[in-house]
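Undergrad: These protein sequence lines map, in sequence, to chains A and B. First residue of the first sequence: 145, per the working numbering; consecutive thereafter. First residue of the second sequence: 145, per the working numbering; consecutive thereafter.
Hints listed in this document are in silico derivations from the structure and should not be mistaken for laboratory results. Mixed in with the good hints there might be a few duds.
Same chains, same label: a pair holds when it works inside one copy or across any pair of copies.
Straight-line C-alpha distance at most 30 Å; calculated DSSO-like pairs for lysine-lysine [as the list claims (entries may be wrong)]:
{"hint": "1", "residue 1": "LYS228", "residue 2": "LYS331"}
{"hint": "2", "residue 1": "LYS147", "residue 2": "LYS228"}
{"hint": "3", "residue 1": "LYS316", "residue 2": "LYS274"}
{"hint": "4", "residue 1": "LYS228", "residue 2": "LYS345"}
{"hint": "5", "residue 1": "LYS274", "residue 2": "LYS329"}
{"hint": "6", "residue 1": "LYS345", "residue 2": "LYS167"}
{"hint": "7", "residue 1": "LYS290", "residue 2": "LYS233"}
{"hint": "8", "residue 1": "LYS290", "residue 2": "LYS171"}
{"hint": "9", "residue 1": "LYS274", "residue 2": "LYS237"}
{"hint": "10", "residue 1": "LYS313", "residue 2": "LYS147"}
{"hint": "11", "residue 1": "LYS341", "residue 2": "LYS195"}
{"hint": "12", "residue 1": "LYS171", "residue 2": "LYS274"}
{"hint": "13", "residue 1": "LYS341", "residue 2": "LYS206"}
{"hint": "14", "residue 1": "LYS206", "residue 2": "LYS316"}
{"hint": "15", "residue 1": "LYS341", "residue 2": "LYS274"}
{"hint": "16", "residue 1": "LYS290", "residue 2": "LYS331"}
{"hint": "17", "residue 1": "LYS147", "residue 2": "LYS206"}
{"hint": "18", "residue 1": "LYS331", "residue 2": "LYS147"}
{"hint": "19", "residue 1": "LYS166", "residue 2": "LYS316"}
{"hint": "20", "residue 1": "LYS313", "residue 2": "LYS237"}
{"hint": "21", "residue 1": "LYS274", "residue 2": "LYS313"}
Source: prediction; values computed, not measured.
There are 2 protein chains.
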Amino acid sequence: MNKGRVYIISGPSGTGKDTLMKKLFEKLPELAFSISSITRPIRSDEVPGEKYNFISHEQFEKMLAEDEFLEHNLYVGNYYGTPKTPVLKCIEKGQDILIEVDVNGAAQIREKMPDVVTIFILPPSLEELKRRLTSRGTDSPEVIEKRLNEALREIEGSVDYDFVVVNDKLEKAVDDFINILSVDKCKTELNLGLINKILNK
Amino acid sequence: MNKGRVYIISGPSGTGKDTLMKKLFEKLPELAFSISSITRPIRSDEVPGEKYNFISHEQFEKMLAEDEFLEHNLYVGNYYGTPKTPVLKCIEKGQDILIEVDVNGAAQIREKMPDVVTIFILPPSLEELKRRLTSRGTDSPEVIEKRLNEALREIEGSVDYDFVVVNDKLEKAVDDFINILSVDKCKTELNLGLINKILNK
Numbered sequence: 145m146n147k148g149r150v151y152i153i154s155g156p157s158g159t160g161k162d163t164l165m166k167k168l169f170e171k172l173p174e175l176a177f178s179i180s181s182i183t184r185p186i187r188s189d190e191v192p193g194e195k196y197n198f199i200s201h202e203q204f205e206k207m208l209a210e211d212e213f214l215e216h217n218l219y220v221g222n223y224y225g226t227p228k229t230p231v232l233k234c235i236e237k238g239q240d241i242l243i244e245v246d247v248n249g250a251a252q253i254r255e256k257m258p259d260v261v262t263i264f265i266l267p268p269s270l271e272e273l274k275r276r277l278t279s280r281g282t283d284s285p286e287v288i289e290k291r292l293n294e295a296l297r298e299i300e301g302s303v304d305y306d307f308v309v310v311n312d313k314l315e316k317a318v319d320d321f322i323n324i325l326s327v328d329k330c331k332t333e334l335n336l337g338l339i340n341k342i343l344n345k
Numbered sequence: 145m146n147k148g149r150v151y152i153i154s155g156p157s158g159t160g161k162d163t164l165m166k167k168l169f170e171k172l173p174e175l176a177f178s179i180s181s182i183t184r185p186i187r188s189d190e191v192p193g194e195k196y197n198f199i200s201h202e203q204f205e206k207m208l209a210e211d212e213f214l215e216h217n218l219y220v221g222n223y224y225g226t227p228k229t230p231v232l233k234c235i236e237k238g239q240d241i242l243i244e245v246d247v248n249g250a251a252q253i254r255e256k257m258p259d260v261v262t263i264f265i266l267p268p269s270l271e272e273l274k275r276r277l278t279s280r281g282t283d284s285p286e287v288i289e290k291r292l293n294e295a296l297r298e299i300e301g302s303v304d305y306d307f308v309v310v311n312d313k314l315e316k317a318v319d320d321f322i323n324i325l326s327v328d329k330c331k332t333e334l335n336l337g338l339i340n341k342i343l344n345k
C-alpha cells in the first residue's frame, strides 16, 4: 500500500479559498484535513476540533519543545501550529491529508517534508481581489486596505508553490484542485511498485 | 500569450497506446501531433503525412546535418526522427503538441527541451501485457516473445518519465492523460504572468 500524500493549500482573504475547500471536501470525503492547534480564544462561531484545537499557551510550548509541530507561528501573542503526529498517522495508513497554512507555514513544512505538493489559490485579477475584499460591506476602508496588503504579500509568496489554481469560476477551480490531487498519483515515483512488479523485480 | 507545451507519450506494444491516442485526439482536437520523418518504405495501410512523412535516406541525412531533429534513431538500416521546426512553430503560436517516441527518443528530446512533460503508458500487469501481445493470434511464439522482451526493456525506461498512466480501463486512462495535460497548465512557472499582473509588477 502506498503512503498517503500531503497537500498544502494557501490563499489569502479574497481568493475564495474557504468556499473552495468546502466544495472540495464535499467531493472528496476521503481526504483528511489537518486540524491546527491554536492558543487564541475561541470565537462564538467556531467549533473546537473542526478547524482548530484550542489549547493553552503552556500546552503549545510543551509540544513545541517536543518538536511536535510541522510548522508554527506566533501572531499577536498567540501561537498557531500544525501538529505533526496526526499528519504522519494519516499518511502511514494510506490516507491523503490537506493542510491549510499561509506562505510562511508552507515554507516550514516544505523544509521538513520535501515531497509535499503545494497549491496556491489565486484571485483572477487584482480588481476582483479588491472587489471581493470590499463586498462584505462591514469593514472600514482601513481594515480593507490592511487585508489587501496582506493578500498581496501572500501572493508574492505564491511563486514558491508547485501549482496555482485561479479561482474565477468556483466549479472550475474545484475541478482543477481535484485534478492536481488525482494527477499527483500518476507521478512515476509513486508507481515504482507497479513498474517493478511488471518487470518481476 | 503562453507558449504551447510539448508532451511526450511512450508505451510499447501491448500497452494500448495507439487506441488511447486515438481517443485522446477525439477529445482534444486542438492538440497537435508531431509527424515523424522516416526512411523505410510505406506500408499498404499507411497514409503519408498522417503519422509519418516518408523521405529518402539522403533527405534525412541532409536534415540531420542541419541539426533538424529533436531525436532520431537508425533501426535496421532505416532512419526515424522527430523534425524540430514543426514542433517549435507549433509551440511558438501557443499550440500544445504531442510527440510519440520510444524511451531512447524521449531521452534525446528531454536533453534538448528540459521542460517537456513525459508520460509513459503502462499495462496493468505482466499477465495482461502477455495476454494483449498474444491475443491477436496472428504472430508466432517467437515474434510474441521478441515483442514481450522489447516491451519489458521499454518499461525499464519508464522510471525516467514524469508520469505513468496505467491503461487498465481505456476511458480512465484517457481521462488520466487529459488530466495530466490540464494540470500542467496549473504549474506555477506557467502562471508568473498572472501573478505579476495581480502584483502590478
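Undergrad: Give a verdict on every hint.
TA: We went through each hint and held it up to the structure:
Proximity of LYS228 to LYS331 under the C-alpha cut-off of 30 Å is found in both arrangements, the shortest distances being 25 Å within a copy and 27 Å between copies. Proximity of LYS147 to LYS228 under the C-alpha cut-off of 30 Å is restricted to the intra-copy arrangement: shortest distance 16 Å within a copy versus 41 Å between copies. When the C-alpha separation of LYS316 and LYS274 is checked against a cutoff of 30 Å, the pair qualifies only within one copy, where the shortest distance is 21 Å, while the shortest distance between copies is 40 Å. Within a single copy, LYS228 and LYS345 get their C-alpha atoms no closer than 34 Å, and across copies no closer than 37 Å, so neither meets the 30 Å cut-off.
For the homomeric pair LYS274 and LYS329, the shortest alpha-carbon distance between copies (25 Å) is at most 30 Å, but the shortest distance inside one copy (36 Å) is not. In this homomeric assembly, LYS345 and LYS167 never come within 30 Å of each other (Cα to Cα): the closest approach is 42 Å inside a single copy and 32 Å across copies. Taking the shortest Cα distances, LYS290 and LYS233 never come within 30 Å of each other, neither inside one copy (38 Å) nor across copies (46 Å). Proximity of LYS290 to LYS171 under the C-alpha cut-off of 30 Å is found in neither arrangement, the shortest distances being 34 Å within a copy and 46 Å between copies.
Taking identical chains as interchangeable, the C-alpha atoms of LYS274 and LYS237 are never at most 30 Å apart, the minima being 42 Å within one chain and 33 Å between chains. Taking the shortest alpha-carbon separations for LYS313 and LYS147, only the inter-copy value of 24 Å comes in at or below 30 Å, while the best intra-copy value is 32 Å. Taking the closest pair of Cα atoms, LYS341 and LYS195 never come within 30 Å of each other, the shortest separation being 41 Å inside a single copy and 32 Å across copies. When the C-alpha separation of LYS171 and LYS274 is checked against a cutoff of 30 Å, the pair qualifies only within one copy, where the shortest distance is 29 Å, while the shortest distance between copies is 37 Å.
For the homomeric pair LYS341 and LYS206, neither the shortest alpha-carbon distance inside one copy (45 Å) nor that between copies (44 Å) is at most 30 Å. Taking the shortest alpha-carbon separations for LYS206 and LYS316, neither the intra-copy value of 43 Å nor the inter-copy value of 48 Å comes in at or below 30 Å. For the homomeric pair LYS341 and LYS274, the shortest alpha-carbon distance between copies (14 Å) is at most 30 Å, but the shortest distance inside one copy (53 Å) is not. In the homo-oligomer, the alpha carbons of LYS290 and LYS331 lie at most 30 Å apart only across protomers (29 Å), although the nearest pairing inside one protomer, at 40 Å, exceeds that limit.
Taking CA atoms no more than 30 Å apart as the test, LYS147 paired with LYS206 passes inside one copy only; the shortest distance there is 29 Å, against 52 Å between copies. In the homo-oligomer, the alpha carbons of LYS331 and LYS147 lie at most 30 Å apart both inside one protomer (14 Å) and across protomers (24 Å), since each shortest distance falls under that limit. For the homomeric pair LYS166 and LYS316, the shortest alpha-carbon distances inside one copy (14 Å) and between copies (26 Å) are both at most 30 Å. For the homomeric pair LYS313 and LYS237, the shortest alpha-carbon distance between copies (27 Å) is at most 30 Å, but the shortest distance inside one copy (34 Å) is not.
Taking the closest pair of Cα atoms, LYS274 and LYS313 come within 30 Å of each other only inside a single copy of the chain (17 Å); across copies the shortest separation is 46 Å, beyond that limit.
Going down the numbered hints, you'll see the structure goes against 4, 6, 7, 8, 9, 11, 13, 14, while the others check out.
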